[in-house]
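Colleague: Residues per chain, in single letters:
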Amino acid sequence: MAAVETCGTGAGGTGFMAAATSKNNVTGFQRKGPRAGGTDSSGSRLVSIAGTRPSVRNGQLLVSTGLPALDQLLGGGLAVGTVLLIEEDKYNIYSPLLFKYFLAEGIISRHTLLVASAKEDPADILQELPAPFLDDNCKKEFDEDTCNHKTPEPNIEMKIAWRYQLLPKMEAGPVSSSRFGHYYDVSKRIPQELLEASKWHGFFLPEKLSLSLKVEHCSLTHGYLKLLNFIQSIIYEEGFDGSNPQKKQKNILRIGIQNLGSPLWGDDICCTENCNNSHSLTKFLYVLRGLLRTSLSACVITVPSHLIQNKAVIARVTNLSDTVVGLESFIGSEKETNPLYKDYHGLIHIRQIPRLNNLTCDVSDVKDLGFKLKRKQFTIEH
Amino acid sequence: MFPELNNLLNTTPDRAEQGKLTLLCDAKTDGSFLVHHFLSFYLRANCKVCFVALIQSFSHYNIVGQKLGVSLTTARERGQLVLLEGLKSSVDVFFRAQEEPHPLQFLREANAETLQPLYEFVQEALKPVDSEEAVWRYPVLLVDDLSVLLSLGVGAVAVLDFVHYCRATVCWKLKGSMVALVHDTGDAEDEENDILLNGLSHQSHLILRAEGLVTGFCRDVHGQLTILWRRPLQPTAQREQSLTYQYKIQDKNVSFFARGMSPAVL
Numbered sequence: 001m002a003a004v005e006t007c008g009t010g011a012g013g014t015g016f017m018a019a020a021t022s023k024n025n026v027t028g029f030q031r032k033g034p035r036a037g038g039t040d041s042s043g044s045r046l047v048s049i050a051g052t053r054p055s056v057r058n059g060q061l062l063v064s065t066g067l068p069a070l071d072q073l074l075g076g077g078l079a080v081g082t083v084l085l086i087e088e089d090k091y092n093i094y095s096p097l098l099f100k101y102f103l104a105e106g107i108i109s110r111h112t113l114l115v116a117s118a119k120e121d122p123a124d125i126l127q128e129l130p131a132p133f134l135d136d137n138c139k140k141e142f143d144e145d146t147c148n149h150k151t152p153e154p155n156i157e158m159k160i161a162w163r164y165q166l167l168p169k170m171e172a173g174p175v176s177s178s179r180f181g182h183y184y185d186v187s188k189r190i191p192q193e194l195l196e197a198s199k200w201h202g203f204f205l206p207e208k209l210s211l212s213l214k215v216e217h218c219s220l221t222h223g224y225l226k227l228l229n230f231i232q233s234i235i236y237e238e239g240f241d242g243s244n245p246q247k248k249q250k251n252i253l254r255i256g257i258q259n260l261g262s263p264l265w266g267d268d269i270c271c272t273e274n275c276n277n278s279h280s281l282t283k284f285l286y287v288l289r290g291l292l293r294t295s296l297s298a299c300v301i302t303v304p305s306h307l308i309q310n311k312a313v314i315a316r317v318t319n320l321s322d323t324v325v326g327l328e329s330f331i332g333s334e335k336e337t338n339p340l341y342k343d344y345h346g347l348i349h350i351r352q353i354p355r356l357n358n359l360t361c362d363v364s365d366v367k368d369l370g371f372k373l374k375r376k377q378f379t380i381e382h
Numbered sequence: 001m002f003p004e005l006n007n008l009l010n011t012t013p014d015r016a017e018q019g020k021l022t023l024l025c026d027a028k029t030d031g032s033f034l035v036h037h038f039l040s041f042y043l044r045a046n047c048k049v050c051f052v053a054l055i056q057s058f059s060h061y062n063i064v065g066q067k068l069g070v071s072l073t074t075a076r077e078r079g080q081l082v083l084l085e086g087l088k089s090s091v092d093v094f095f096r097a098q099e100e101p102h103p104l105q106f107l108r109e110a111n112a113e114t115l116q117p118l119y120e121f122v123q124e125a126l127k128p129v130d131s132e133e134a135v136w137r138y139p140v141l142l143v144d145d146l147s148v149l150l151s152l153g154v155g156a157v158a159v160l161d162f163v164h165y166c167r168a169t170v171c172w173k174l175k176g177s178m179v180a181l182v183h184d185t186g187d188a189e190d191e192e193n194d195i196l197l198n199g200l201s202h203q204s205h206l207i208l209r210a211e212g213l214v215t216g217f218c219r220d221v222h223g224q225l226t227i228l229w230r231r232p233l234q235p236t237a238q239r240e241q242s243l244t245y246q247y248k249i250q251d252k253n254v255s256f257f258a259r260g261m262s263p264a265v266l
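Going down the list, the protein sequences come from chains A and B.
Under full-length UniProt numbering, residues 1 to 382 are what the first sequence spells out, in order.
Under full-length UniProt numbering, residues 1 to 266 are what the second sequence spells out, in order.
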């Protein structure tokens, strides 16, 4: 039937239709048809975007979170159009790391970044991104031909100790955008030229708030409202939602929002149990997800959920996000001296994984996962 | 639709009952497979369906629907399915001022008092059109899900009013059926959600409750489904009947089995 056919040829995916009626299907997700593939396939209507790959299970377009171990736990990566919520650890030491991995991956893959924070200037955050591991021989070369470089980086000790040991030794080839998932060296900063070559937008709340004091409609906190408008304007102007069809190269927008829900955003859900604006954060998440579903973007949000005193809000926020990962660090807790956890700095809990375009989801069999921050790397182990 | 669930509920698309409110409830697990079941079930039963999809986008339901054998795009084109896509419409409502009241108008308001625009949307979608012949059997309203309305600033009482109005129109006046999904937050002390859940539990004829296993995650048994029949339409039938099964979700089907009788265990 004609209707079924139009579904099959690239129009599938979680709701990728531009808000305005557009003739060409700007789909972020592509059904895994006979012509779709991870590499550039000339037959498919959607040119494959650098730094993405379709999921094995359901043809979703995935981006890497910057940490290949986390990608694997999430079923291959973060699906474009979804939100990854990271519940911060108590002293906010490790969650900024995951946040930075996500942004660094975006720079390496030449995605556009949107960094929002109420605490630090986005330019400062970007300065502190970890540097990617580069093979010394190939540092000067920028060609796409990475399949010939099979020299494994000797000092990568990626230990994934459960039975997926056959993780291939990733070639630390040149910084090319055709790979999915890179390794980063936390002890070094990202090279300046990479930062300058990248495209990013920053949203620093104190700057934006001083511009106008007009009180808007609806119950969203002023900061959230400004952020939503900012995100929407970037998506619209740069054509991530397909509204500018003349844009020749499709790209992904990576949105990173730090410490959402903290009092610095003007929200009081972390302060009291019965707050006035209890719907502010949840409404923000809902409209944000609506924006993400209709554009080629992926979002990582860190939330200080240990500060939120109203358990109902945490449950609602979890239900409104697609993927939820919680970090629990051992600092200051009784688990620090527990011999079982001697080698680790904390636990990582995968609280929720979305079921997208599918009845089932990729729940990993392994439930006890610990992380540790070594001098150069952040590793996740069983 | 899942044939095994049809057997457990003792219905087929041909003999589906009318005038019923079915409550889907999930606790500590994802109950959306029940929504997919009922959506495909009523589409197969040749009913006119109004689907208020607040949680996921149209393509998600469409792709799962195709796995279950119904095509939502065809149904939409034929006029059998009217769908309100919450995520997409919320962007329209929020960022662009609307002239006439939009079903999701409450997103723009500080304290949404009423869901009347949404009710009017449903009423408009399901009212019998005189011009077309009686092609569809009876109207069905499907809502996925009601708990998210609480997160968006609507009070529990307003949601209950909305359900009441919809029931009066859809179930009593138009002799159709209604299905709604509500999350059970359990120990999260969400009072508004508890009010909503309890209120709806009293009103419904059939309650399907999907729960995660008490013992935690298991690869072969994804959860437990409790089916509760309340308010039987025939006065001579039993008062209330409750059955519990365990289930495993597969790619295109969900298999049900009695407790402890999972194929992995036997």
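No wet-lab data here; the hints were simulated from the structure.
There's no promise every hint is true.
With a Cα cut of at most 27 Å, we get these calculated DSSO-like pairs of lysine-lysine [unchecked claim]:
hint: 1; chain 1: B; residue 1: Lys88; chain 2: B; residue 2: Lys67
hint: 2; chain 1: B; residue 1: Lys28; chain 2: A; residue 2: Lys90
hint: 3; chain 1: A; residue 1: Lys119; chain 2: A; residue 2: Lys90
hint: 4; chain 1: B; residue 1: Lys175; chain 2: B; residue 2: Lys127
hint: 5; chain 1: A; residue 1: Lys250; chain 2: B; residue 2: Lys175
hint: 6; chain 1: A; residue 1: Lys311; chain 2: A; residue 2: Lys119
hint: 7; chain 1: B; residue 1: Lys173; chain 2: B; residue 2: Lys127
hint: 8; chain 1: A; residue 1: Lys250; chain 2: A; residue 2: Lys199
hint: 9; chain 1: B; residue 1: Lys67; chain 2: A; residue 2: Lys311
With the Cβ distance kept under 8 Å, some of the chain B side facing chain A (calculated, not the full set) [to be verified]:
hint: 10; residue: His60
hint: 11; residue: Leu84
hint: 12; residue: Lys88
hint: 13; residue: Ser90
hint: 14; residue: Phe95
hint: 15; residue: Gln98
hint: 16; residue: His102
hint: 17; residue: Leu152
hint: 18; residue: His183
hint: 19; residue: Thr185
hint: 20; residue: Ala188
hint: 21; residue: Asp190
Since the model is a prediction, treat every value here as computed from it, not as a measurement.
Ideal Cβ placement from N, Cα and C applies to all residues, glycine included.
Colleague: Are the hints correct? Go through all of them and say.
Modeller: Each hint tested on the structure:
no.	hint	verdict
1	Lys88/B x Lys67/B	23 Å, holds
2	Lys28/B x Lys90/A	24 Å, holds
3	Lys119/A x Lys90/A	17 Å, holds
4	Lys175/B x Lys127/B	11 Å, holds
5	Lys250/A x Lys175/B	49 Å, violated
6	Lys311/A x Lys119/A	25 Å, holds
7	Lys173/B x Lys127/B	10 Å, holds
8	Lys250/A x Lys199/A	14 Å, holds
9	Lys67/B x Lys311/A	37 Å, violated
10	His60	5 Å, holds
11	Leu84	13 Å, violated
12	Lys88	6 Å, holds
13	Ser90	4 Å, holds
14	Phe95	6 Å, holds
15	Gln98	12 Å, violated
16	His102	13 Å, violated
17	Leu152	6 Å, holds
18	His183	6 Å, holds
19	Thr185	5 Å, holds
20	Ala188	4 Å, holds
21	Asp190	4 Å, holds
The structure does not agree with the numbered hints 5, 9, 11, 15, 16 stated previously, though it agrees with the rest.
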